[in-house]
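Spelled out from the first residue to the last, the chains are:
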Amino acid sequence: MSALVREHYNFAYLDEHTKRMIRRALLKGVAIPGYQVPFASREMPMPYGWGTGGVQVSAACMVPEDRVKVIDQGADDTTNAISIRKFFERTAGVTVTERTKEATLIQTRHRIPEQPLSEDQILVYQVPIPEPLRFLEPRETETRKMHALSEYGLMHVKLYEDISQHGEIATSYAYPAEVNGRHVFDPSPIPKFDNPKLDNSPALQLFGAGREQRIYAVPPYTRVRSLDFEDYPFVAARAEHRCALCGSTHTYLDEVIIDDEGGRMFVCSDTDYCNEQQRANAEAERDAG
Amino acid sequence: MSKALNAPPTSAPSATTPTAFPAASPTTSPTASLDALSGGFADASFDSAHAFRTLLDVMARPGLIGRLMQAKAPAPASPSLATALLTLCDGTTPLFLAPSHATPALKDWIAFHMGAPLTADPAEAVFAVGSWDSLGGIERFAVGSDDYPDRSTTVLVETDWLANEGLRLTGPGIATSAFLNLPQSWLPALQSNHALYPQGVDCFFCCEEAIAALPRSTRVEAG
Numbered sequence: 129m130s131a132l133v134r135e136h137y138n139f140a141y142l143d144e145h146t147k148r149m150i151r152r153a154l155l156k157g158v159a160i161p162g163y164q165v166p167f168a169s170r171e172m173p174m175p176y177g178w179g180t181g182g183v184q185v186s187a188a189c190m191v192p193e194d195r196v197k198v199i200d201q202g203a204d205d206t207t208n209a210i211s212i213r214k215f216f217e218r219t220a221g222v223t224v225t226e227r228t229k230e231a232t233l234i235q236t237r238h239r240i241p242e243q244p245l246s247e248d249q250i251l252v253y254q255v256p257i258p259e260p261l262r263f264l265e266p267r268e269t270e271t272r273k274m275h276a277l278s279e280y281g282l283m284h285v286k287l288y289e290d291i292s293q294h295g296e297i298a299t300s301y302a303y304p305a306e307v308n309g310r311h312v313f314d315p316s317p318i319p320k321f322d323n324p325k326l327d328n329s330p331a332l333q334l335f336g337a338g339r340e341q342r343i344y345a346v347p348p349y350t351r352v353r354s355l356d357f358e359d360y361p362f363v364a365a366r367a368e369h370r371c372a373l374c375g376s377t378h379t380y381l382d383e384v385i386i387d388d389e390g391g392r393m394f395v396c397s398d399t400d401y402c403n404e405q406q407r408a409n410a411e412a413e414r415d416a417g
Numbered sequence: 002m003s004k005a006l007n008a009p010p011t012s013a014p015s016a017t018t019p020t021a022f023p024a025a026s027p028t029t030s031p032t033a034s035l036d037a038l039s040g041g042f043a044d045a046s047f048d049s050a051h052a053f054r055t056l057l058d059v060m061a062r063p064g065l066i067g068r069l070m071q072a073k074a075p076a077p078a079s080p081s082l083a084t085a086l087l088t089l090c091d092g093t094t095p096l097f098l099a100p101s102h103a104t105p106a107l108k109d110w111i112a113f114h115m116g117a118p119l120t121a122d123p124a125e126a127v128f129a130v131g132s133w134d135s136l137g138g139i140e141r142f143a144v145g146s147d148d149y150p151d152r153s154t155t156v157l158v159e160t161d162w163l164a165n166e167g168l169r170l171t172g173p174g175i176a177t178s179a180f181l182n183l184p185q186s187w188l189p190a191l192q193s194n195h196a197l198y199p200q201g202v203d204c205f206f207c208c209e210e211a212i213a214a215l216p217r218s219t220r221v222e223a224g
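Those sequence lines, one after another, are chains A and B.
Converting from the first sequence to this note's numbering requires adding 128 to each position, the first position being numbered 1.
Converting from the second sequence to this note's numbering requires adding 1 to each position, the first position being numbered 1.
Only chain A is shown next, with the shape it has when bound in the complex:
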């Protein structure tokens, strides 16, 4: 534990009163999977949209022994991910890592790591808009009633309209799913490629929306069913390419523009997984040669 942490910050930045409030909300969220628990979100030393909800959830469940990984759309080396990692290094004195396998607490913006998670890990999502029905019904009073009555017809109509307009369900991220057979929830703007990883995960998944002041959770081994129709089943889509760096054909890819003549490449969005694949490829090559 560095002297800086001891002298200048309470452990993990937040005061104890705030942490107790968030912790009570987290327990309720875990007890009612997919239900959005209101909480008194605090101002954090970073702008809304940079993961203030995720940071508060992480801070409330962090222990000094945690190894913390932060990813932003799969990448460990973006400004957002680096800032949050530094924040916890400084305020909680925790060890940080980029390796998914080594991490005990992973905060993520818009991706689930490719490496399957284990029972010893907690995945914390940064959530911009927690209410899956918000763009269909702007009134909180109405969406709350719809959740209370399990009235999710509007969401199915939306998916149906996708099909009638585009011939398929065009929703490609923040794809709505039903948790524990009861609450329809927004898994944050992860690509729908990641939706199957929500289901029956051995890891505890926590969601924090700072601006919207909501916390929700998916406990381990919980049924998460992406909404679909019998004749239009859910498809976890990805770009039909190989990763230009590691050659992977089963990962979620980012499209990167590389010149001003229409040149482009597809690379894994999960930087840690891609690096590991490249190392494995290099070793295999060396062994073969």
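Read the hints as simulated data drawn from the structure, not as lab findings.
Since the model is a prediction, treat every value here as computed from it, not as a measurement.
One or more of the hints may lead you astray.
What the hints assert, rightly or not - Only some residues are given here: those of chain B computed to face chain A with a beta carbon under 10 Å: (1) F47; (2) P173; (3) T219.
To be verified - Short derived list, chain A residues pointing at chain B, Cβ under 7 Å: (4) Y163; (5) R227; (6) N308.
All C-beta atoms, glycine included, are put in the ideal place defined by N, C-alpha and C.
Please arrange chain B on chain A, whose structure you already have, making use of the hints.
Showing chain B alone in chain A's frame:
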């Protein structure tokens, strides 16, 4: 960090609520006040962080038995119960003490360490503490509303024994099934609580340093 910094704000005084400092209470003996002052977290932020991680773990994996021993409260409160209270309760969480735990010493300890207002109305309690029989049935407590199922009571039940045998648990957090040695006679209450899902109360079971949880989402059957 000094104790004074951690002292909770004084709750609104009432006939049943002792104010924050036990010396003000006429029922307090000198030994009781010593008990009331000791047994808190040695290091509030670290101890509560470790304790909460255990609470989160057991709530997320019903049937899992965790260990909590960071705090000690006067009898009959076990260390796991004391630690859970100290981690979760403060002046904003009305607390219901069943007769089994409504002792002056424990009330003083709660008043000094967390300042949680005591309530005699089970439906108003955010947390409830006691032995199963003394609590008088978990159906007395708040189960939340249709709109806000989270506005429910969390019940901390002191038990004599915790082991992974007996009643069979299935549901979120459980890969196949888990077992917890709760008495068969509790089964109807636990089942009707689950039937209210997403409403209902969530339970912690405390026994010495051991703690396990049973959220409303868990289906309970005879083992």
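Results of checking the hints against the structure:
The interface hint given for B/F47 is met, as the beta carbon of that residue sits about 6 Å from the closest beta carbon of chain A, less than 10 Å. Evaluation of the B/P173 hint against chain A yields a held restraint, the C-beta minimum of about 4 Å falling below 10 Å. Interface restraint check for B/T219: the shortest CB-CB distance to chain A comes to about 9 Å, inside 10 Å, so the restraint holds. Among the interface hints, the one on A/Y163 holds; its C-beta lies about 6 Å from the nearest C-beta in chain B, closer than the 7 Å criterion.
For A/R227, the interface hint is violated, the least distance from its beta-carbon to any beta-carbon of chain B being 21 Å, above 7 Å. Given hint, A/N308 at the interface with chain B, holds; its Cβ is 5 Å from that chain's nearest Cβ, closer than 7 Å.
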